[in-house]
Amino acid sequence: MAERREYYQNEDDEVEEDEEDSGGDYKISGRDSLVFLVDASKEMFIKGEDGEPSNFDMTMQCVRSVYTSKIISSDKDLVALVFYGTEQSKNPRNSFKHVYVYHDLDSPGSQCILDIDKLLGEKGAQFAEKTMGSGETSLGDALWCCSNLYSDIKLRLSHKRLMIFTCRDEHHGGDGAKDRQARTKAADLKETGVVIDLMHLTKPGGFDVSLFFCDIVSPPEDESELGLQIEPCRKLEDLQKRVRAKELKKRSQSRLTFSLGEGVNLAVGVYVLARTATKPSAVKLHRDTNEPVRTKTRYFHAHNGGILLPNDMKRAQVYGKKQIVMEKDEVDEIKKFDDPGLVLMGFKPMDRLKLHHHIRPALFIYPEEEQISGSSCMFTALLLNCSEKNLFALCRYIPRRNTPPRFVALVPQREELDQSQTQATPPGFHVIFLPFADDIRTVDAHVGPTASDEQVDKMKEIVHKLRFKYKSDAFENPVLQQHYRNLEALALNMLEPEPIEDLTMPKVQMMDARLGPLAQEFKDLVYPPDYNPEGKPAAKRKTAESGGGAAEKKAKVEMSEEELKNHVAKCTLGKLTVPVLKDACKQFGIRTTGTKKQELIDALTMHLSK
Amino acid sequence: KARGSSALVLCMDVGFSMSNSEPGQEPSFEQAKKVIQKFVQRQVFAENKDEVGLVLFGTDGTKNGLAEDGQYENITVHRRLMMPDFELLEEIESKLQPGGQQADWLDALVVCMDLLQEETMGKKFERLNIVLLTDLNVQTSADQLDVIIDSLKKARITLQFFLPFPVDGEDRADGGGDGPGPSAAPVRPGKGLSRQQTQGLEMVKNIMTSLEEEDGLEEVYTFSDALQKLSIFKRIDRRPMAWPCHLTIGSSLTIRIVGYKAVTEEKVKKSWAIVEAQSHQRDDVKRETVYCLDDDNETEVQKDDTIQGFRYGSDIVPFSKVDEDQMKYKSDGKCFSVLGFTKQELIRRHQFMGSQVVKVFAARDDEHAAVALSALIRALDSLKMAAIVRYAYDRRSNPQVGAAFPCIKEKYECLLYVQLPFMEDLRQFTFPVLENNKKFKPSESQLSAVDALIDSMMLVEKDEDGESVDVFKVNHIPNPQFQRLFQCLHHRGVNPDDPLPPVEPWLKRDLERPQAVSARCQTPLQDVKTKFPLKVVVKKKEQKTSADVFGSSADEPDAKKVKVDEETEFNLAEIAKGNITSVGSVNPVRDFCTLIRQKTVSFDQACQQLTHRIEQLLGNRSPEYYMKSIACIQAFRDQSVSSGNAELFNSYMQSLKRSVPDRNLQELWDLLIQDALTLISKDEVDGSTFSKQDANQFLAFEQKEEVQAAPVQEDTGDVDDLVSVSCLFGCFNDKHIIYYICECNSDLQVY
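Just so you know, the sequences run in chain order A and B.
Here the first sequence stands for residues 1 to 610, where the numbers follow the UniProt record's numbering.
Here the second sequence stands for residues 1 to 751, where the numbers follow the UniProt record's numbering.
Hints were generated in silico from the structure; no laboratory data involved.
Some hints here could point you the wrong way.
Stated by the list, open to error - Derived, one-sided and incomplete: chain B residues facing chain A with beta-carbon distance under 10 Å:
#	residue
1	Val44
2	Ser251
3	Tyr260
4	Glu265
5	Gln278
6	Ser337
7	Gln419
8	Gln616
Because the structure is a prediction, the values reported are computed rather than measured.
Built from N, CA and C at the ideal position, the CB exists for glycine as well.
Full structure from sequences and hints, please.
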């Protein structure tokens, strides 16, 4: 857990031990495990039309991405890669034919990635042919072999998943005995808690799940879940998405009571759907051996050198020249207000939830039927009602013992599906943390002149040109990416790290191209020519003493004929801003056809040099 | 850039009339004293540079710079201008006593002015202030009034009055409903006021209005009002730092901006220092961190002999600090660059990241920047769009992607910047369907019950004018953590030997549902209660284990536990009234208990059958079977204890322990440790050959290593905390609990 926590560590290190990850649950339940069971039959190696990668290649890319993501985010999880339908056989006791255990269940490391890289692409196909080949298929044996992998593991496994990648909806060519054996073995696996998923790939003529695989895979989580994806994966992204959704076991951060008052309590699980991922902290190693080194921290008495036990120490703070001393227990007790849980205060319309009332990333709650039965029904009723009335629930939230309360807004979230009918947003309440009075700072607003409609309209054009569809998963963290690329390079003995694409950098050239002359036009509208926004605050411009406002500003810039003539004589009209020039035109009753700066200057010059 | 501090003299009337009160009412003296206490306390914890003096009048003695020839008698300068500290608080607590004299409050005011003038000479203060607390119940000579007002004006000294009664009858009615406070209902002006008080009140009005015109009277408070306001510790007041930067759109469009952190989670400023328990000296505690190898001897390694590495999956990659710095992502300094614009609705509120909201204004006094930014803000606002920007605070900090929303207020305009997630921050969890799930679908009547409940619990109400009023504004509530901390610090500071006080009632009330709402929702809540069956699911296993751990933590006698367990088993047996003749494999625990209870077979036989089943179960090395085995062992133990026969159990446990390495039952053993399933000791059954200590050590043999392997826990010092948390959630973290058990052991050994 430690590693995972580091990765998801809160940005703010001082944030107590507050934001512990899925914490408690993890240790008891042991480690997650995932077995990739990949069909290595000839059909898997057939390339798609137009040079599209073969199903095998696609699968390997997907497996590789899971491996790397496991390395980054949950390196204690166990992963195995097993091929079936091979010519060669390789498994622990070599008791199964045509089953090739490429990686035994273990936490993945750099070597695993290198191994998988060998199987990628055209060369990969050749390598696979050479080492494993394609031969007879017995899914039953393959499953049996996998169940042995599980039972050979000495660690306690919490979540066991097996994913079958294949493009054949029929495996044993009508051999009923083999089909039966596969079903039995699948049933055995499921009995021991293994969840079997089918990641079926495209097959000419369509993949018919009902032929064989419907009896192999695990039933869906609840009867209403769509269960089997009827459509096979055509694209790598689809496959990755599908694998990704299943690969990570969702785990609640904690389970709490949600009290509506008067003993009406339901149970909810609290989940973290977004948390700032940070670089894991470094591990200290011994210089000579690269062995990990542990740190021990001890407290001892400065005078007699004796080790100080927790009881020998107290806590103190100094205020008003006085040291105030408390026991450690008392320091904890001060933070205690109530037992952990959510307590409903009442409801408010959504528009009372202010955009700027944000202090922490949100959490998510979902009912826990296993704790208090009936929770789901009550929860659903609340969800539907709040969502219909466009309300949020205000609650007092104490996440754990000896933690002071905060108020949170429970914002209803109904389930949303994306085009491929996969869940895009789960049903439940988002838990939005609200600031206390102390968290809101007094900011002296800068008051300045406001923009005119013309200026705003020009900006609207700019905004329009640069619009895009924001997606929350569109940006990778360049700092993390670079860090892991560096590690990857060192671990895999690469000459230099693969370059990263920094998606957070503005695509300046593209933006400039899209804007065309708009940027300059806008600047002409708002900036005087001698104004350089990039320079240091040069000679301070006249401040809007009277409090500003567009109207006043306009009035101020009116110029006398004298001054304008002067500008014309010196050819310095260009230094004035467009609004000033426009006003000048109006002043002299000059009709202008265009609004371009040069047109205005020309018109004025014409008029004044007459 | 610290803001100017103020100098302030608290001037309190301690004359005998202050001690008078109607029966059942708190004397003015006590109220005024509390006001002063609260005020000073606030100042102490706010830790600003304000200086405070204390002048008392109506004292038996006289001690002030102006006293001469019987003038300015019974006025005592208790403390000259100083930063308030605990000494002052203690003095107020113990030495501030009612006096037996009366003194002219105008004279006292003059003494205060004199004090202020003398003490602030050569120092710079932004504000000079005198706070007068009196009941005005004394004869005053008004002849000097104009002179006094003049010199107050000249010295720019401001005044505040705190009186037992409101300055104005009508104000009272308006400001009514000021709930708590130990306040006695203040006397109505004009009614019950003495001649001196009426006259004094006129003078107060006179002074205040001549000093600050019509606003002057706002600086006259009642004691009870003040107490209520002062009971809230001053909120932590931080001036946001200006962050000047450039907003860029493409390569050529730049706007000069300044950002301010507007909302962020405020933390307690001070952390706790560790002091030695006896001496209370910080210097007596030395902290030492050593590095050691993960071998049996814990060989120590010098810090210089360590390098850093990072985990890459199962590997650790050595990666020196120098290399890391050279290879790491480099950001090119502070920026606020627009990446593009998007519809506001595509940015989900729940995906806000980070811990702050930044308000972005145009650079101060730059009207061109103001116009340019205003154009952007207004354009975004009318299109309902937001800017997606790359934000980097400075060269050293990591870049963020965030959204800048337009914000147009009556008085100003700005952008609101919030961080958004990176792909790596998001976790895609899929949850089972709720609303279309037949099992959980609420019925019409259930929905309408919830509907009624929601209606009764609205926190936004319409007032007489039809305006909706928020009755529960979280952003107006002071953070209870700080309030409670300062309350406890103050209490401990003044009474070092007292236990901590309970949470202040007003603070508790602030955290509760508003009373009106509570009352309104009673009936709908009852309706909901009857319409929704909510039942706590009892998980046998979990309960038992937590009971075990709690039990041992509270050092309860084990016997009690056993009894409870027996009862449950008994009930189970009652339910399953079948004819049980042997310990079956389906429910061995029940069978076993029934056999023992019904005495169908001998105790020895029952135990033998049970151990046979346990052995069978252990053949399947899988968690489910382990749980079952452990339940059996637990039952075996419980029944042995109640039958007073420890021998069979103890010998079985010993043989089981011996077989652990060969049969690879480490995991099972760990579970036994968790559940503290150890040998039966003499304390429990007389016939046992083991002492309690032996019994504990029986498991401890495995623990030693484990404890050493988990030194990190030692550092946190939060062990008990972790244990109970995990218990509450019914999940267990081996190491913590093992550590905890060890602690118990060591305790036992000590006593």
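How the hints compare with the structure:
1. Because the closest C-beta pair between B:Val44 and chain A is about 4 Å apart, less than 10 Å, the hint holds.
2. The criterion of a C-beta within 10 Å of any C-beta in chain A is met by B:Ser251, whose closest approach is roughly 5 Å, and the hint holds.
3. The restraint placing B:Tyr260 at the interface with chain A holds, with a minimum CB-CB distance near 5 Å, inside the 10 Å limit.
4. Annotation: interface hint on B:Glu265 holds; nearest CB of chain A at approximately 4 Å, less than 10 Å.
5. Against a cut-off of 10 Å between C-beta atoms, the interface hint on B:Gln278 holds, since the closest Cβ of chain A lies about 8 Å away.
6. At its closest, the beta carbon of B:Ser337 sits 5 Å from a beta carbon of chain A; the interface hint therefore holds under the 10 Å criterion.
7. Restraint check, B:Gln419 versus chain A: the minimum CB separation of about 8 Å is within 10 Å; hint holds.
8. The interface hint given for B:Gln616 is broken, as the beta carbon of that residue sits about 17 Å from the closest beta carbon of chain A, more than 10 Å.
Of the numbered hints listed earlier, the single one contradicted by the structure is hint 8.
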